[in-house]
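In order, the protein sequence lines correspond to chains A and B. Residue 484 in numbering that gives the first Met the number 0 sits at position 485 of the first sequence, with consecutive numbering throughout. Residue 33 in numbering that gives the first Met the number 0 sits at position 34 of the second sequence, with consecutive numbering throughout.
Hints were generated in silico from the structure; no laboratory data involved. Watch out, some of these pointers could steer you wrong.
Across the chosen pairs, the derived CB separations fall in these ranges [stated by the list, open to error]:
1. Ala129(B) - Glu442(A): 44 to 54 angstroms
2. Asp574(A) - Gly390(B): 26 to 36 angstroms
3. Arg191(A) - Ala420(B): 27 to 37 angstroms
4. Arg443(A) - Ser434(B): 37 to 47 angstroms
No residue lacks a Cβ here, since even glycine has one placed at the ideal position from N, Cα and C.
Protein chains: 2
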Amino acid sequence: MSDAAPSPTAGAPSGLARLLAPCSVAVVGASNDPTRIGGRPIAYMHRQGYKGTILPVNPNRAEVQGLHAFPSVAALPEVPDIAIVAVPAAAAVQAVEELAARGTAAAIVFSAGFAEMDATGAAAQQRMLAAARGHGMRLLGPNSLGLFNTRNGFYATFSASFETGWPIPGRIGIASQSGAYGTHLFSVARGRRLGISSCVMTGNEADVTIGHAIRSMVEDPDTDVIAAYAEGIKEADSLLAALGAARGARKPVVLMKVGRSALGSAAARSHTASIAGDDAVIDAVLGEFGVVRARSTEEMLDVAHLATRRVYPARNTLGVLTVSGGAGVLISDAAEELGLPMPEMPQDAQARLRELVPFAAPRNPVDCTAQVLNDPSLVGHFAEAAVQNGGYASVLAFFTQTGGAPSFAPKLREQLRATRAKHPDRLYVLSVVASPEQVQDYERDGFAVFEDPTRAVAAIHAMGRFGEAFARRPGLPPPAVPAVALPDATPSEAEAKRLLSAAGIACAPERTCATAEEAAAAAEALGHPVVLKILSPDILHKSEMGGVLLDVRGADGVRAGFATLLDRARRHAPDARIEGVLVAKQLKGGVECILGVNRDPVFGPVTMFGLGGVFVEVLKDVVLRRCPFGEDVAETMIRSIRGAPLLLGARGRPPADIPALARMLARLSVFAHQAGPRLASIDLNPVFALPRGEGAFAADAVIEVGG
Amino acid sequence: MSDAAPSPTAGAPSGLARLLAPCSVAVVGASNDPTRIGGRPIAYMHRQGYKGTILPVNPNRAEVQGLHAFPSVAALPEVPDIAIVAVPAAAAVQAVEELAARGTAAAIVFSAGFAEMDATGAAAQQRMLAAARGHGMRLLGPNSLGLFNTRNGFYATFSASFETGWPIPGRIGIASQSGAYGTHLFSVARGRRLGISSCVMTGNEADVTIGHAIRSMVEDPDTDVIAAYAEGIKEADSLLAALGAARGARKPVVLMKVGRSALGSAAARSHTASIAGDDAVIDAVLGEFGVVRARSTEEMLDVAHLATRRVYPARNTLGVLTVSGGAGVLISDAAEELGLPMPEMPQDAQARLRELVPFAAPRNPVDCTAQVLNDPSLVGHFAEAAVQNGGYASVLAFFTQTGGAPSFAPKLREQLRATRAKHPDRLYVLSVVASPEQVQDYERDGFAVFEDPTRAVAAIHAMGRFGEAFARRPGLPPPAVPAVALPDATPSEAEAKRLLSAAGIACAPERTCATAEEAAAAAEALGHPVVLKILSPDILHKSEMGGVLLDVRGADGVRAGFATLLDRARRHAPDARIEGVLVAKQLKGGVECILGVNRDPVFGPVTMFGLGGVFVEVLKDVVLRRCPFGEDVAETMIRSIRGAPLLLGARGRPPADIPALARMLARLSVFAHQAGPRLASIDLNPVFALPRGEGAFAADAVIEVGG
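Here chain A stands alone, though its shape is the one from the complex (with noise of 0.2 angstroms):
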């Protein structure tokens, strides 16, 4: 959880029920033109069949769109469940604060002119906040486009992209931080055949966030799917909330963040603790809680039109059945390069289908080849191993354009019927080549169809990640890690480590010297050689002004070395407190990782790992996680960067100690979770991951405290 102030509603019920269905609605600055902002709103309703009191407000006309209508907010004749707020921003601000007094539940508020123009407009959009807030009113809002719902015809938008068609109702809903983009999403949707439950647009987000709408939507038993667009998240507990609250219903949120990009620019800083950018951590927030991240509005929509479907495998396998072999290597090729695995068919299966037709290609792909142009039956004999024999989570079937065939597509529609009346838990997902009409007959089969195969494995693959998200148990927690008071400045070296070890957090053994004689003794006991590091807290960066000496050897050796550190600090630093130097022993034969925490303004401390050298440094190969979690989440981050191969002992090393790695990574998330926001950054680097049942140890750590 973030330490920001949490918002009043974050973890309880979004409370927005009544901002998708009012009985009730005033549309201040309602207009007689269903063209004009104002007007649309009202014009929509109507078509749409709104059943609640449509209360227009317009100080200048007794009738608008053939409405009674009411010359200011105080000459209602009822308190509106819900308010439109289409009037320039000045009078916004005024309207809000009349509605709220009112007991006005929520306002929509269309107007531009707020924070997304200039400070002017961001005090005003905070005094319209205080007024809302201040009697218990929600704002979705301003610079909203509004919302709609499909099952009640509650059309609060004044988008103008209906003129070719309205949205088809369904079980999607659709919550989005801009107009446009979510305006685009839902016309493709309709291109689609995409039926969609509501669609909620945030705009600057003053009070109700993505998140809020997200929770609305897991909140409404009409929507199964969640797909949501944001440009950035400005506020976590709300969208923390929602996220635990969708996969606790097992409602499958797909979700576009743009700017990935920034990313790029986040990666190049030089500190290694920087590498994780905004845009990393809300991957990382996202991976926790299960959510897929589209990179398309293609993939968006694929994803969400097959979760539709409710079919969620917590292990997903794939079994595919192809009239093409060319096809099949295709869909192998995609679903390899996914990590979906395609198991081979049993042996007695592959035999009994090669007596069907004996040049099939059984193994999986399945091949039924185009004999089944001859005899449709063997589609459902074919089909029927593959479910039944195979036992596959999720089955896709390519029969390309003769799926389409006049000749051929009610027979294959047959069979391919019964097989699913006979397995109706699997995942079915059809790849043909067909006309809208055609589709939609499949469609009610209970078969998604994708006309392209590459596309389809992409989907059906997103279904296991929800699955897997949802069947996850709850892990280890956290370990339990003495509560540790940060002091007042960044530590020296040495007072970081004290703080790590007091948590647990194992570092190499050494010793703090104040002279070239104490040195050499430490040196000696330690065991040779050893590594001499210049010991003051306003030296940051030792590597960089040659304050570290490595593979320091013999009594004189680190009398030299003690002597050389100090004079390069006094030439570098002259006004440096000097602590002395820290003499400590030199770790070799593991694997150098770095193990860090940064401070992201939104989420709060995120921890970082990586391999040392190459792996961070050119190339970026780096898992995050939100603080703090257990030992068992810290070995999944280990294991999944693409370096982990060396940790688990390629081309014939040692496997590191991997448990002794995990359990310093999940201790160091819960004491820079304690610690608080005064915690700036942790640089654990290198640390060694020395072989199995040795231990990690870090060789060096930074702690930044800040203001």
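Put chain B on the given structure of chain A with help from the hints.
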């Protein structure tokens, strides 16, 4: 060039023009039933208005589908230009023999039961091929679904896919090894209203290969773009000739080669040189010719579709015009990920646009905001600024559903047409949600329409890759390297290094020593520390048996090491011929690289470059290229790997001597090319790339010589 026996037509024009446009066609096995394999082509040609003479051959009927039929090939009243063979395998061989003897130019053999079945079938196929070649007749198939040409109605195919519609004539040629996948491709293309010039499906490729088919489309003046599908390349020369001709003619080739996942298994092999799997070699060959490799049918047709605009920017840049800031970011993410530059608009142009729309964000993406809905002339101003002032080679305009709204679309169209008329040389892509009719209007205006902006970006990026390849000037010739005669069998390390040194490939200074005293003296001369290695033609993998000692110092150390190595060799391989011990200067301070050559069965020797250690072993970060090539290509290869920053001086490291490394790589490629087919592989591992000016040296070398 491969040194496998070249096909008789490699390099020469394909000679296949007649296959696609014959004046007469015999159909051996002609059927009166238009739904049977021997009946379909006749029915299709009738239906599609083929103007040539159709000569049915059927021993049992005097008339077939209204045409006079002949009882045998011998009975044909004239020599047909080409023939379709649609009889069972045994009869097919005889038919081909007779057709060839009569002087038919080419045969299209539908019949299956040949090499795809078993060894007997393969022998029959060989006989059929011999009969054809004996009379200079070309052969498409056997086991081919045939071909069609939309311009003359020549449908020499038994595809059953036309009941839902016919391919639309156009300028995309389709070449596919698979009939099922070829059918899928032209069926999807038809659904997308993409026009096809011809489609050739090569089947078993006894004679006509996918390369020949591509070549015929390069020569076809009515084909602008070639979409090809391959499952495996069995013959290099015809493909290389076709791709060279395509590049020369500025005709883009987009190719899907399935079986990428084979790379995974190849990469798992332990020998580094084996990392070059067949699929990775094909990838390298395609890159060489600027072929874009598609990973899905959809991507393939996206690229082919946009390529029909025939704008291939040599230096691609993207300007984005958008009505949604979010979509602008989404597009920027996609462009950055692909490496497609989106330079900023000039400041003065930005200022002018901000005068027009104060809240516009004209940096690029150029967000003209929903304000354009009120004033469509703004589209023209913003588009003109992007094209004229921004100077972008490619322009992507995102207008989502507004581009399909009857109230706005005609105005948008007018504005965009005017801009394009002034600057017809740019690549224009429109991302709109619109009806098929509206899309056709935009397409007629010269705008390629993609509903999904992410897919649009990928296709635009591909146009730049074509443009780059088309604009590429001939590079440096491969360096002149003295020809070196390979020994009869795999040489020892010292001998291998002598061969390489003779070719100008620098190896670490070293001496071969027969006695411990010689070794001590050699170490003295080379300078300590040294590396000692057992020297035996019978021990290839020295380090695995402890046959390499690093960091050996002092005369006594060298003597002891010498004894250790001889002892280990005797115990490990009692029968190995021991030639002594190699004493080499131990190189330090450089970047460890791996250079290798592996022999691809189709494309001949292929050079590999990668960084040592984890980069090759864990990350498979290698680049491949057919031998031979010049130093410019070598340098491009070196700079292309993910780990390249390590060589270029990441994090304060000195930059490595890349010219020396490039010289070594180019020379290695010439060495391998000249060595002939007996060279099985070369492995230089490690090669030390020292700091710039200090050279690059192979510290170990293995040359494997085959039978």
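How the hints compare with the structure:
1. Checking the proposed 44 to 54 angstroms range against Ala129(B) and Glu442(A) shows it holds: the Cβ atoms sit about 53 angstroms from each other.
2. The hinted window of 26 to 36 angstroms between Asp574(A) and Gly390(B) is violated, with their beta carbons roughly 52 angstroms apart.
3. Checked against the hint of 27 to 37 angstroms, the pair Arg191(A) and Ala420(B) passes, with Cβ atoms roughly 34 angstroms apart.
4. Distance hint check for Arg443(A) and Ser434(B): the Cβ-Cβ separation is about 25 angstroms, which falls outside the suggested range of 37 to 47 angstroms.
Taken one by one, the earlier hints fail for this structure at numbers 2, 4, listed in ascending order.
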